[in-house]
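So you can see what is in the structure, the chains are spelled out below.
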Amino acid sequence: MEESWAEPRLREKFMEDKQVERTHVPNRVFVIVWIALLCLTGLTIKAAQMKMGEWSMVANIAIASTKASLVLWFFMHLKYEKRVFKLLIFIPIITVSIIIGLTFFDIWYR
Amino acid sequence: MNETAPIEHRDYIGAKLGMWLFLFTEILLFGGMFLVYSVYREVNTADFHEAGMEMNMTIGAVNTLILLTSSLTMVLSISAIKSDAKMRSIFFQAVTIILGLAFLVNKYFEWSDHIRHGFYPDSPQLLAMGHGKILFFGLYYVMTGIHALHVLIGISIIGFVLILTLRESVSGKDYVKLENAGLFWHLVDVIWIYLFPLFYLIL
Amino acid sequence: MEASFYHAKTRYPGIFGWLFTTDHKRIGLLYLISTLSFFAVGVSLGLTMRLELIRSGMHIISAQTYNAIFTIHGVVMVFLFIIPGIPASLGNFVMPLQVGARDVAFPKVNILSWWLFIMGGTVVVTSLFTGGGPPDTGWTFYIPYSIRTGTNVSLAVFGVFLIGLSSTLTGMNFLTTIHRLRAPGMTWKRMTLFTWAIYATSWIQLLATPVLAITLLLIIMERFFGVGIFDPAKGGDPILFEHMFWIYSHPAVYIMIVPAMGAVTDIIPVFSRKNIFGYTAIAASSLAIAFVGYLVWGHHMFTSGMSDTARIIFSFLTFLVAVPSGVKVYSWIASLYKGSITLGAPLLYTLGFIFLFSIGGLTGLIQGALATNLHVHGTYFIVAHFHYVIFGGAVMGFFAGLHYWYPKMFGRMYEEHLAKLAWVFLFIGFNMLYFSMFVLGWEGMPRRYYDYLPRFNGPNLVSTIGSWVLAMGLIIMFYNLIHSLFAGAKAGDNPWGAASLEWQTSSPPPTENFEDIPVVTKGPYDFK
Numbered sequence: 001m002e003e004s005w006a007e008p009r010l011r012e013k014f015m016e017d018k019q020v021e022r023t024h025v026p027n028r029v030f031v032i033v034w035i036a037l038l039c040l041t042g043l044t045i046k047a048a049q050m051k052m053g054e055w056s057m058v059a060n061i062a063i064a065s066t067k068a069s070l071v072l073w074f075f076m077h078l079k080y081e082k083r084v085f086k087l088l089i090f091i092p093i094i095t096v097s098i099i100i101g102l103t104f105f106d107i108w109y110r
Numbered sequence: 001m002n003e004t005a006p007i008e009h010r011d012y013i014g015a016k017l018g019m020w021l022f023l024f025t026e027i028l029l030f031g032g033m034f035l036v037y038s039v040y041r042e043v044n045t046a047d048f049h050e051a052g053m054e055m056n057m058t059i060g061a062v063n064t065l066i067l068l069t070s071s072l073t074m075v076l077s078i079s080a081i082k083s084d085a086k087m088r089s090i091f092f093q094a095v096t097i098i099l100g101l102a103f104l105v106n107k108y109f110e111w112s113d114h115i116r117h118g119f120y121p122d123s124p125q126l127l128a129m130g131h132g133k134i135l136f137f138g139l140y141y142v143m144t145g146i147h148a149l150h151v152l153i154g155i156s157i158i159g160f161v162l163i164l165t166l167r168e169s170v171s172g173k174d175y176v177k178l179e180n181a182g183l184f185w186h187l188v189d190v191i192w193i194y195l196f197p198l199f200y201l202i203l
Numbered sequence: 001m002e003a004s005f006y007h008a009k010t011r012y013p014g015i016f017g018w019l020f021t022t023d024h025k026r027i028g029l030l031y032l033i034s035t036l037s038f039f040a041v042g043v044s045l046g047l048t049m050r051l052e053l054i055r056s057g058m059h060i061i062s063a064q065t066y067n068a069i070f071t072i073h074g075v076v077m078v079f080l081f082i083i084p085g086i087p088a089s090l091g092n093f094v095m096p097l098q099v100g101a102r103d104v105a106f107p108k109v110n111i112l113s114w115w116l117f118i119m120g121g122t123v124v125v126t127s128l129f130t131g132g133g134p135p136d137t138g139w140t141f142y143i144p145y146s147i148r149t150g151t152n153v154s155l156a157v158f159g160v161f162l163i164g165l166s167s168t169l170t171g172m173n174f175l176t177t178i179h180r181l182r183a184p185g186m187t188w189k190r191m192t193l194f195t196w197a198i199y200a201t202s203w204i205q206l207l208a209t210p211v212l213a214i215t216l217l218l219i220i221m222e223r224f225f226g227v228g229i230f231d232p233a234k235g236g237d238p239i240l241f242e243h244m245f246w247i248y249s250h251p252a253v254y255i256m257i258v259p260a261m262g263a264v265t266d267i268i269p270v271f272s273r274k275n276i277f278g279y280t281a282i283a284a285s286s287l288a289i290a291f292v293g294y295l296v297w298g299h300h301m302f303t304s305g306m307s308d309t310a311r312i313i314f315s316f317l318t319f320l321v322a323v324p325s326g327v328k329v330y331s332w333i334a335s336l337y338k339g340s341i342t343l344g345a346p347l348l349y350t351l352g353f354i355f356l357f358s359i360g361g362l363t364g365l366i367q368g369a370l371a372t373n374l375h376v377h378g379t380y381f382i383v384a385h386f387h388y389v390i391f392g393g394a395v396m397g398f399f400a401g402l403h404y405w406y407p408k409m410f411g412r413m414y415e416e417h418l419a420k421l422a423w424v425f426l427f428i429g430f431n432m433l434y435f436s437m438f439v440l441g442w443e444g445m446p447r448r449y450y451d452y453l454p455r456f457n458g459p460n461l462v463s464t465i466g467s468w469v470l471a472m473g474l475i476i477m478f479y480n481l482i483h484s485l486f487a488g489a490k491a492g493d494n495p496w497g498a499a500s501l502e503w504q505t506s507s508p509p510p511t512e513n514f515e516d517i518p519v520v521t522k523g524p525y526d527f528k
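Chains as they are written, first to last, in the working numbering: chain H, 1 to 110; chain B, 1 to 203; chain D, 1 to 528.
Think of the hints as simulated: they come from the structure by calculation, not from any bench.
Treat the hints with care, since some could be wrong.
Label-pair distances were calculated between CB atoms; the ranges are [unchecked claim]:
id : chain 1 : residue 1 : chain 2 : residue 2 : range
1  : B       : Gln125    : H       : Met50     : 47 to 55 Å
2  : B       : Asn56     : H       : Met52     : 18 to 26 Å
3  : B       : His49     : H       : Tyr109    : 21 to 29 Å
4  : B       : Gln125    : H       : Pro26     : 49 to 57 Å
5  : H       : Trp55     : D       : Phe225    : 33 to 41 Å
6  : D       : Lys189    : H       : Ile93     : 23 to 31 Å
The beta carbon of each residue, even a glycine, is placed where N, CA and C say it ideally should be.
So here's chain H without its partners, still in its complex pose (with noise of 0.2 Å):
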């Protein structure tokens, strides 16, 4: 399909596809996240092993997320991204918090 300059927002958005598309990563960055991810896991393990009982899980969700937040950020380009995308990431996040959350309403006090 044609450009079509005399479509403004088309315009407009090539801009902004090829600012987006401009920036760009060196692979030596990706190496370092893929480094601390694999150290991360290192850690997950020793703390479970540490025996803390349920602070262990506690522990390790934490971990995890810290794990899933640089998968998001770097490997998933979020960092990257128009703003908008790194708002919509919590509506899932927060969605699923509250299915979890309000069940346990039930589950703690029966």
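Model the placement of chains B and D on the given structure of chain H, informed by the hints.
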């Protein structure tokens, strides 16, 4: 005007937005399973700990490393295509697929081992072990099973995109399909990042 | 002047030009025809139930058949008619026109959605005739009966799963379209409130449906593999099933009602020649309903065995969700106030909607209060409530939208007097059919029973006769709409004198919607 071709437009950000929205549905799909897991673990804590002893942490850890590395290779394949390094991109896509297959092979051996030891849904041995353990293994098979299905789907998608890259319909000028394949693959990795501690690190 | 989309030269010949189309307008019509066909099936099942219940002790069908019928009535009406309902048909046709786009963001995914819907519907229909026979669990598939019954639960549930996938993809498509494809000058605040409603609904479709998907998959796995996740004999928790089922199914009712509210919000300004009152409040209330709708699912479970703490919290949250709906009702009335009113069919159906929805909504508050809920749960009071909000609300709003956008979709006008006559039958029949049920429920008649005590005879008779009057109304209305396709007066581009974008192109529109993409300089209800 005619409709011989579907109305197409190039909207790079729109294509990615669509993929991100689809990933939200996957988060909710697995979220439902995490809900079930968290409820049953809360109610059967001791049983879950005991059942967790049956899990092979080594295979779990190796699979974690495999998926994390495959996410790296996926990202490197996108960097490559952005610099128009077609063969390098294809190389990294192929490595990602191989790592994915290795994950599935590990899963196969792991499940076979459990089944041989009598830990499978509705097995007489499991039924005799009491509710908590039945639930743990039920969740184990369902959650890692549906996850493995997504690994298989991811491998297929990357395979498809690899062919497109060979044909140059995915190129340095238009690589959003590769990026979207990558997004799906990373999500599969993120799900496993949570599955690993929940099943393999209950000690 | 370009030819209409009906005359487009398509990639595939004849009927395949429709079945494999990627034009959102054709897809909207495909959905319209298929969902209305399923509606006819659902209505027939409903009429059969009412016939069985015409008198205490009198039977035309067995108890097992009755159980199957109310199950299928629910599954067909909920999953095959009203949830795809307005978004898939009117939303598909109208929304891209309203935002000034040439099509949705992903046209091929759009037709895939329709095919998933058709395949799911086929699987559901197949489940009626094979294996152990039609499911008899109710459309809610509660554990443990749904994992014990020998009827065709797995097949039916798989069909619903496919339909859910269709719904999810449509939500994704519409969200991307609204975010990315608005015409130049179309700011968020210049979108129509129908489009705002479709936007909010799409978020619900996107986020809630996957929870249903996993719940259904778990039923199938329980039935085939005995994983134990829901089976109480193995440690499974039936109440957990109810949580997961309603975590989807409550937001689902907002998928049903919010688009209907959007349709009537577009209609009111046009028929009172006045800008809408409270644009921002109405847009915000659509989003608020979508959000708060996620917090209230437990009100379906007050008698299930949940903790008291959970019951109190869910009851409180349920009262909150009524607030944004109230905001809309007040805004509609304020929009009509001192307007220059034309009582055309779209407005007549809209007024019916506001009245019937309000009754349904207020009775929802009675159900939301814990003490009264204990009295009415599982009775005909509940049946009456949801038919008032879904049928008197969402479906009436659907009919209003059908009449309003009829000239745009078909290039012809329906016959006005027949439309109004149909409305009279619908309104009277509806209230006879369902108001009686409020009385019956309050007096203690249980729902999902194929018989009842003789003291309930009176209102049941009124209800069944009401179902015939209602059916008459539906026949008149659909006769009018179908007959006018061939015999109706030709409609111009903008027979209502509306200001939103879909009316600034021909009726019916050309394939690419607009000759040139419009540049938007004013609001959607700005009549000057």
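Would you pick out the hints that fail for this structure and give their numbers low to high? Of the numbered hints, just 1 does not hold.
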